[in-house]
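S.K.: For the record, in the sequence shown the residue sitting at position 151 is 543 according to my numbering, with numbers rising by one throughout.
Check the hints yourself; a few may be wrong.
For each label pair, taking beta carbons as the anchor points, the in silico distance ranges come out as [claimed, not checked]:
id, residue 1, residue 2, range
1, 428, 536, 51 to 61 angstroms
2, 572, 498, 36 to 46 angstroms
3, 568, 513, 18 to 28 angstroms
Just so you know, the hints here were simulated from the structure itself, not pulled from any lab data.
For clarity, every value in this text was computed on a predicted model and none was experimentally measured.
Just so you know, even glycine gets a beta-carbon here, dropped at the ideal spot from N, CA and C.
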Amino acid sequence: METRHRLLDAAEQLFHQHGVSHTSLQDIAQAAGLTRGAIYWHFEDKAELFDAMMERAAMPLEEGMSMTSEASPQLSLAELRWGLVNVFYSAMHNERTRRVFEIAMQKVEYTGELQALKDRKLSAHRDWRAQNQAAFDHAVALGQLPKAMDTRLAAIALVALVDGLIHQWIMDPESFDLMQVGQASVEGFLTSLAQSGSALLPPMSAEERARLGQAGICRRAAQSHAE
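Turn these sequences into a full structure, and let the hints guide you.
M.R.: This is the structure in structure tokens:
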């Protein structure tokens, strides 16, 4: 286990410094003071090593979001909030969590030998959405949220909100306090779900829909998306 952790520590540092594609297994072995044979004893290839590094950092967060039991298989809204705020807190105050987030979001291309990791990422996001939807369905059953609410849509929107906040903060950590803004955003989102009043905006008209794609989009938004 000590050798395994030395390899994961070295990989984490090198992936963060040089990117995943530009870091070889030989680089990792040399940084860990070990041989390539030691890597292949523990990991089949770079993809498996990368996956283990991500799992080591994400496990405490995933455990924090898995507070369910047989008696209560769905998270309450309060537990859901705590789990998400815990992710924000960990990103800000845990160096390993922040470093691994930066690697996953900025320094890896899910192509070639790492293509298989894209499936893991998709699976994790689908599980996250399913967990959110189960929590919302449970809240609807308890009368905490409106019966007519589209829980699947709400689950997708919450993932996008949290994922977007973390991406923005990782890109520019000095721009806002992730813990403060993140908690306020999640609480505001959950509160908005409980509102059963009339919609703020009317449905889009046929004319508005016909104009979609006919005008140029915001240049800065397009540039940011492309980058």
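S.K.: Identify every previously stated hint that the structure contradicts and give their numbers, smallest first.
M.R.: 2
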